[in-house]
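J.: Protein sequence lines correspond, in order, to chains Y and Z. Just add 146 to the spot in the first sequence (first one is 1) and you have this note's numbering. Position 132 of the second sequence, counted from 1, bears residue number 129 in this note's numbering, the numbering being contiguous throughout.
Each statement offered as a hint is correct.
In silico BS3-like pairs for lysine-lysine, Cα to Cα no more than 25 Å straight-line:
(1) Y:Lys262 x Z:Lys303
(2) Z:Lys166 x Z:Lys273
(3) Z:Lys416 x Z:Lys166
(4) Z:Lys303 x Y:Lys213
(5) Y:Lys580 x Y:Lys389
(6) Y:Lys262 x Y:Lys330
(7) Z:Lys303 x Y:Lys218
(8) Y:Lys218 x Y:Lys262
(9) Z:Lys416 x Z:Lys273
By construction, these hints were calculated from the structure, which means they are not laboratory data.
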Amino acid sequence: MTQLNIPIESMSLPNGLRVVVSPDRAAPVATVGVYYNIGFRIEPRGRSGFAHLFEHMMFQGSANAGKMVHIKLINSSGGVLNGSTHYDVTNYYESVPSNALERVLWLEADRMRALKVDEENLRNQRDVVKEEVRVNVLNQPYGGFPWLDLPPIAYRNWSNAHNFYGDFDDLDAATLDDVQKFYKTYYAPSNAVLLILGDVDVDEGIKLAERHFAGIPSGPQPDPADIDEPPQIDERRGVVEEKFGTLPGIAIGYQAPRRLTPEWCAAAMLDRALHGGRAGRVYRSLVLEQQIAVDAEGGIHYPVGDLFDYNGPTLMVTRLLHKPEYSADQTIAAYDQVLDEMKEKGITSEELEPLKVKFRSNYFSMLEGGHGASIPRYGLMHLLACFTLFDNDPHLVNSILGGFMEVTPDAVHSAARKILTRPNRSIVIRQPAKKGAA
Amino acid sequence: MASAPRSEIQTTVPALSPARPVIWPPRPHTTLSNGLEVVLVESHTIPKFTGQLFFRSGNAVVAATAPGIADMTATVVRTGTTARASRQIEEDLRRMGADLSSGAGADTSVVSFAGLVDFSNDLLCLVAELTQQASFPADEFERERRQLIEGLRIERATPGFLASERMRKVLFGAHPYGTISPTEAQVESYRLDQLKDFYRQYYRPGNALLVMVGDFSPRAMLAQIESVFGSWAAGKVDEAPNPALPELHGRRVHLVHLPGSVQTQIVVGNRAITRKHPDWLRLTLANSIYGGAFNSRLVMNIREQKGYTYSPRSGVHPLRQHGYFTISAAVRNDVVAATLTEIFYEIDRMRSTPVGEEELADARNYLSGLFSLGLATQDGLAGQLATSTLERLPEDYLETYRERILALTAADVLAAAQKYFDSANAQIVIVGDRAQLETQAALFGNPEVYDAQGNRI
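Pulled out of the complex, with its shape left as it was, chain Z reads as follows:
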């Protein structure tokens, strides 16, 4: 290192040194004879391993009959098998130094686990037992039902939840994606046989993907997996329905009244695309410039210049059949209209003016660098693998992601903004105390007002 005078060292931003290559590890991807897909990656950062066993069916597939039943099934799966009672399961996990959780979203159900490699076979056996021999004890089910109901009541007092719920309802209507949570009455009417039916039908190896990352040899681990999961009987699985989506014409304002709020949660949204869509990376980059990073226009404007909010952000949300784009901010009550004005100003700027070369390069570098941070930890690798494999993205998705991001142009960003930041038809959800909001909301459209239970008022 040449020695420069101290003042020069202080005033000159150091250049980036040559980047070391980002090398994704080999990740053998195999399918057992019963259809179970397995992806394994070695990572020796700590003497542990982490895994996720996915089923490609979630709440969407049963939305018409019992909303949320996939999630309830996953919850109760953890509480008993034909060989182990609930207490035994929890104590065995502790003995193995393991953590385990289970749940379901719209498109998938998943059992996630992590533990010390010394006990990997024991933990795999427990996961296999939970996913093949769950016993659905009636008393455990009743306890979980009550806990879920109490949890729903708290969610109905949480601004972020109420905003997401209303936005999904507005964007997706009667489609399964329009519902993110069951009602209390629906949970009251759950029956144990509905859980068992879901389990029998969808917890099947042909519908499953096992992703594991950790301090093991893939060859030895695959042999363990064969012996633990190989005898699981295949089965045939339904696709989730994909009914028509509501027509969205013009900006509409949807106000959820939460009395006594000392802040207002704003969410603005449009439907967008899935991760498999050819425009996905263009939209990702446009989102990053708009509000997807600390160094983005939305954050600069409504946080760093105006001080309206602590946590503004925008995001693209891919589901299996559709996707959507949202902009959110929790702001003080008297600047709701001012915030919406800035949100739309920044959208319109994205749609009308090509992004400059420097800002474009900064955003490409950000997404490219961020992607490689995932390499450094077991959880990071597991997340990247789950995304790319679950959605059946091309095998070289990880290897080519960065170069494909770096090749995008200002014209790509402009086109994505014009297509997906649909300003004229954007839906506006605001959650707060209506007395503070109605005049401000009216500037953007005649608001439809709901209570926290989702009833029109």
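Just chain Y, with the same shape it has in the complex:
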């Protein structure tokens, strides 16, 4: 079963806002998302961390729902809400008992129409964001490893390479004027998609979307960011200090093929052969058999995204923590053996077919949840949004599995030979500052 039949209705409002409705009335629960086609990769040059700081500002008040009103109205309707900044999109989402659906749409429309924030809000959220960076990166073992460590080594274009969470100097330099300018540029309806999932009738969903969003004035489309990378011709390496953790870490990233190409489908299967859990070749060899590493994970667009939610260059990443008695060179040599074997011998269909079964199974789980149990259909919403904003085709959700199920052993083998080369990769070593022994 590779062609799915998830009901999807999509349309555009005259102001350019795209609307996608996907009903499932089994439980009286609705999930709403608004995705804007702006993320931390494509934020303005020299303003590191601004896209994420701005995401926080979207919770600080709009014309008819002042500070905290948004949160109070969702929570007091029995729902939960959040937002998150990704490479190329920023999302805002709510799951609520379905009788609160119109209220959610009203709130999202209000902050798409008229953000209303002041200096005090900006100061407050700048402080909050700094503590977020400290708790997730600066004060954690292996914080930001490797999602913040690899890009500056692997890329030459500022957009792909900069500190996505933001240098504190850049955060401090942000002004209220920047906030409003950013809002005007990137938060126009034509740069967004509204998604309504769950307990809703299609006609009713579209009618409510029109009622609340159609009156929002259209704005000019932002210029697309320049994210082109010059071709990589040599292996790139860097070292980052690990302040708290006791084990050395190594992350290796290979430039991945373009999305939605046959080579990308083959690369996805190659990735699963290498990184698919404890049965994956990297974990099996380095952790279970040779016992050089104590942990090994990886994936395409790992670890802060997935195969589908980016729109430009990305890496297939392996993340290793290895025993201190092995050097980085020894560990990389053992890793290279695993990849060289794949390049030389390829993969049998006995290995590939189970990978497809597992891929299909994971895809179903991603559609249903993917974000804990509290945001039903988060994964489906996320895919619909990315396929709409990047590819103008939400129906890809139903058909995309086909490309992966058709991948042949030969296709995986040639993807391996093409992708897994030294000049196509970057390596970052996370070197503990302290001795490991207690």
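Knowing the structure of chain Y, use the given hints to seat chain Z on it.
T.: Frame of chain Y, contents of chain Z only:
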């Protein structure tokens, strides 16, 4: 829909429409002749199913002899059976499109699994094999031992872990709940026969609960379960010990020194109650108003007004024999005293002033709505069922939860806050660089200082 002028649509918060009823699905609850309890629920959202096989014994039951041995047993269970080697197990899981994990907490050991329904019988057979015929290969055990030790060393550099560890030690002392993780030396001294003993004694059908949710017919699934698990021999199982708890008199400050910290992890805590206690929902509601939701007083105060922290929260943590309440926030180093002041200010407000009608109604609606979100996914249903069944809550717990929450009053909240937010005897744990903290900590009591290994310094 009547058409209103656009300006009015923009300025008026839409009213809630009539709520559709929340209907919990039937969940046949049976016990096989060998004592295995089984709860099954149909959910056809995706062509998969998810399950958890619990044993009602975890690290607490062996705390006196080998802390953490239940967790190590569960880890090694996955690595070999009398019929399958480790590699075979992993490849079989992949062939079935399945995920499986195993572990143990204080009160339970669990094997969790999920997979495509096409392979449900194969996956059940593998789970049965793991839980009845584990072979405990010595080399797998040694590898897992080393991985655990390396993991412990990283945990000892993690502020959140160090704070939880110290808080549990302070609240529960020598009781098994006082230890959340073994020491390296304890792990070094684990012996394979300890794992085998734990397995033989506690992985028993009379001690087990199997919860499954998914795209199946319960009748057919029950027949599969009978055939796979029916011949498993029953056995008798010990209860975990429940020694006396330490006396906690007065506010005390416990500082864990983590040199070089650029932030401080604060946790404030009290012992509280289990989920079976008659006050449980009152406490849940009080917690939600205090710091259990985005729209709560603590978040408003120290995040949205003062910007001290990204992730403040409070929580009630039910264990089988006892429970506890915590308030936590990771804050910048120079506002530790200021944060503690606000934490106690908000506690004292909860204890002294009845919550207003609007705030009360908002919080009741929040908990009631949140509960029903669990209906919409297989994982959500499985979580709700596991909680209610594992703790042997009344059969109508899911059906009556929302109405019982909605019936609570301001007096209930006040009483719960006065009883369980024990401000005068609250324990304060702070994890950070002592040079940045000692003066601030001293405002709340003379701090006892520990290093990351748990030694007094």
